[in-house]
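Undergrad: Given chain X, work out where chain L should sit, using these hints.
Protein chains in written order, with the numbering used here: chain X, 307 to 580; chain L, 307 to 580.
Please note that the accuracy of each hint is not assured.
For identical chains, the list gives no copy identity; a pair is met inside one copy or between any two copies.
Taking lysine to aspartate or glutamate and the EDC-like style, the derived pairs with C-alpha atoms no more than 20 Å apart in a straight line are [unchecked claim]:
(1) K562 x D529
(2) K385 x D396
(3) K418 x D559
(4) K418 x D523
(5) K418 x D529
(6) K418 x D362
(7) K418 x D533
(8) K440 x D389
(9) K361 x E331
(10) K440 x D503
(11) K385 x E567
(12) K386 x D354
(13) K418 x E494
Hint data in this document are derived by calculation from the structure and do not stem from the laboratory.
There are 2 protein chains.
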Amino acid sequence: MADVSKISLNTATVKAQWSLRECIEGCARHGIRGIAPWRDVLHAMGIDEAARAIKDNGLRVTGLCRGGMFPATTAAVRKKALDDNYRAVDEALALGAECLILVVGGMPEGSKDIAGARSQVRDGIGQLLDYSRKHAMPLAIEPLHPMYAADRACVNTMSHANDLCDELGPGLGIAVDVYHVWWDPALEREIRRAGRDRLLAFHVCDWLVPTRDLLLDRGMMGDGIIDIPLIRTWMEREGYQGCYEVEIFSSEDWWKRDPDEVLNIVNARVASAV
Amino acid sequence: MADVSKISLNTATVKAQWSLRECIEGCARHGIRGIAPWRDVLHAMGIDEAARAIKDNGLRVTGLCRGGMFPATTAAVRKKALDDNYRAVDEALALGAECLILVVGGMPEGSKDIAGARSQVRDGIGQLLDYSRKHAMPLAIEPLHPMYAADRACVNTMSHANDLCDELGPGLGIAVDVYHVWWDPALEREIRRAGRDRLLAFHVCDWLVPTRDLLLDRGMMGDGIIDIPLIRTWMEREGYQGCYEVEIFSSEDWWKRDPDEVLNIVNARVASAV
Numbered sequence: 307m308a309d310v311s312k313i314s315l316n317t318a319t320v321k322a323q324w325s326l327r328e329c330i331e332g333c334a335r336h337g338i339r340g341i342a343p344w345r346d347v348l349h350a351m352g353i354d355e356a357a358r359a360i361k362d363n364g365l366r367v368t369g370l371c372r373g374g375m376f377p378a379t380t381a382a383v384r385k386k387a388l389d390d391n392y393r394a395v396d397e398a399l400a401l402g403a404e405c406l407i408l409v410v411g412g413m414p415e416g417s418k419d420i421a422g423a424r425s426q427v428r429d430g431i432g433q434l435l436d437y438s439r440k441h442a443m444p445l446a447i448e449p450l451h452p453m454y455a456a457d458r459a460c461v462n463t464m465s466h467a468n469d470l471c472d473e474l475g476p477g478l479g480i481a482v483d484v485y486h487v488w489w490d491p492a493l494e495r496e497i498r499r500a501g502r503d504r505l506l507a508f509h510v511c512d513w514l515v516p517t518r519d520l521l522l523d524r525g526m527m528g529d530g531i532i533d534i535p536l537i538r539t540w541m542e543r544e545g546y547q548g549c550y551e552v553e554i555f556s557s558e559d560w561w562k563r564d565p566d567e568v569l570n571i572v573n574a575r576v577a578s579a580v
Numbered sequence: 307m308a309d310v311s312k313i314s315l316n317t318a319t320v321k322a323q324w325s326l327r328e329c330i331e332g333c334a335r336h337g338i339r340g341i342a343p344w345r346d347v348l349h350a351m352g353i354d355e356a357a358r359a360i361k362d363n364g365l366r367v368t369g370l371c372r373g374g375m376f377p378a379t380t381a382a383v384r385k386k387a388l389d390d391n392y393r394a395v396d397e398a399l400a401l402g403a404e405c406l407i408l409v410v411g412g413m414p415e416g417s418k419d420i421a422g423a424r425s426q427v428r429d430g431i432g433q434l435l436d437y438s439r440k441h442a443m444p445l446a447i448e449p450l451h452p453m454y455a456a457d458r459a460c461v462n463t464m465s466h467a468n469d470l471c472d473e474l475g476p477g478l479g480i481a482v483d484v485y486h487v488w489w490d491p492a493l494e495r496e497i498r499r500a501g502r503d504r505l506l507a508f509h510v511c512d513w514l515v516p517t518r519d520l521l522l523d524r525g526m527m528g529d530g531i532i533d534i535p536l537i538r539t540w541m542e543r544e545g546y547q548g549c550y551e552v553e554i555f556s557s558e559d560w561w562k563r564d565p566d567e568v569l570n571i572v573n574a575r576v577a578s579a580v
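Only chain X is shown next, with the shape it has when bound in the complex (with noise of 0.2 Å):
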């Protein structure tokens, strides 16, 4: 059974109806315990009054949404990209978020050499570990599903993550989100590849059929088709303690909805169906 007292919010399953206070007063109006924010929300919302309204209403930060984007054509793009990455990085620290999480890049406009981008990923995490690290902020990469390698993150797999906190070392691991890696048949193996240490976060959402939208159609879990239970007792048999962080975009759904629906709805399908 799932833990319900380990829910955690990510801002963008209700993006289009709160602010961050508002995200941050509904969980503790529905006594959710941990929030992610996204950085846009974050920004808007200022930082230390966003980590001031987080302490004060006793909620953990599981992860912040987000570092990466890496490749670029220029050297100058890569920097500036780098420069921000350095950023997310206080903010994380800020929030005392319990990692941040790195959509790493697609390719660049223009560019085939799909090789060349996750060269240029593992380049880019490499600078900011070294940062990062001096900081204690655990890096979480996320591996997104292939259909996004083109344009938003060319490490799609659990396999190519683990290979990446093999090469770069100490202080990165991976997020694990269902939506992006419950078709892999490598899923089970991967996440006791990864062990306890790497595994930094656990979002779960689910996968319709048919899916309408390659973005914005995610279902609230026990819609769809993802056995997350099944994917839930692989992470715990490693020894993850983390929250189950909700994140669904779906804009033609839940973002439609009264927010306080959705959460009442998130605290009773993580009990039947995570």
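TA: What follows is chain L alone, placed relative to chain X:
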């Protein structure tokens, strides 16, 4: 350089415009020497009639699309699917096809058991091989992109297809469609692992950014981000000598154009972008 004498037209590319007879005549008119029919247009024309017209026009049949769809919740439905696969083998033989393409099927409705579906796929292909081997008709597993894992094909990587070939033995190979496998960091290695004998077909189109629909928004070669010549080189290095089969599902673009224009562009793009 791609060899333009090796173009094959998959009938799906002009599915909205042309019958199989029109496809056959269109290939002849445009100097295209291969064809790969889907079974719906084949049945509409009649198998004997189609076999005759294909032969009269000197076309090679680079594959019949498609068998597969093995998983089901009851033995009766599985048996029905297998019977249909036997008929597909017979039809492939009647056309002198170089292989029968297998789209293996996803999870049956209501199921969340992808491991179970994969096990049914293995068993189904095994049973079909008992028949296809007797008649020397090669079966080609087409690994589909992971975004189709739930409802179309639960074999989503070359690695998984190679594992099935290892397990099930001769008479079984792989159809490599760049659309489905371009993102895979293990692609070059797994093409090498497959080797000449297993590389039964090579399908080309392109991945568009953005992709607006999971099913019907594939691009013409050169319009997207796949490095097709690189993948072709990997295929040919292993000794692949078959055709480049052009298969483009495109409800909003290529299916709305004059099919003679489509074939002109196919010919030009195989020369410039494959």
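Undergrad: Work down the list of hints and note, for each, if the structure agrees.
TA: Structure-based check of all given hints:
no. : hint        : result
1   : K562 x D529 : within (17 Å within a copy, 35 Å between copies)
2   : K385 x D396 : within (17 Å within a copy, 60 Å between copies)
3   : K418 x D559 : neither (34 Å within a copy, 22 Å between copies)
4   : K418 x D523 : between (27 Å within a copy, 19 Å between copies)
5   : K418 x D529 : between (36 Å within a copy, 11 Å between copies)
6   : K418 x D362 : neither (48 Å within a copy, 41 Å between copies)
7   : K418 x D533 : between (34 Å within a copy, 6 Å between copies)
8   : K440 x D389 : within (16 Å within a copy, 64 Å between copies)
9   : K361 x E331 : within (12 Å within a copy, 72 Å between copies)
10  : K440 x D503 : within (18 Å within a copy, 52 Å between copies)
11  : K385 x E567 : neither (43 Å within a copy, 45 Å between copies)
12  : K386 x D354 : neither (24 Å within a copy, 64 Å between copies)
13  : K418 x E494 : between (31 Å within a copy, 16 Å between copies)
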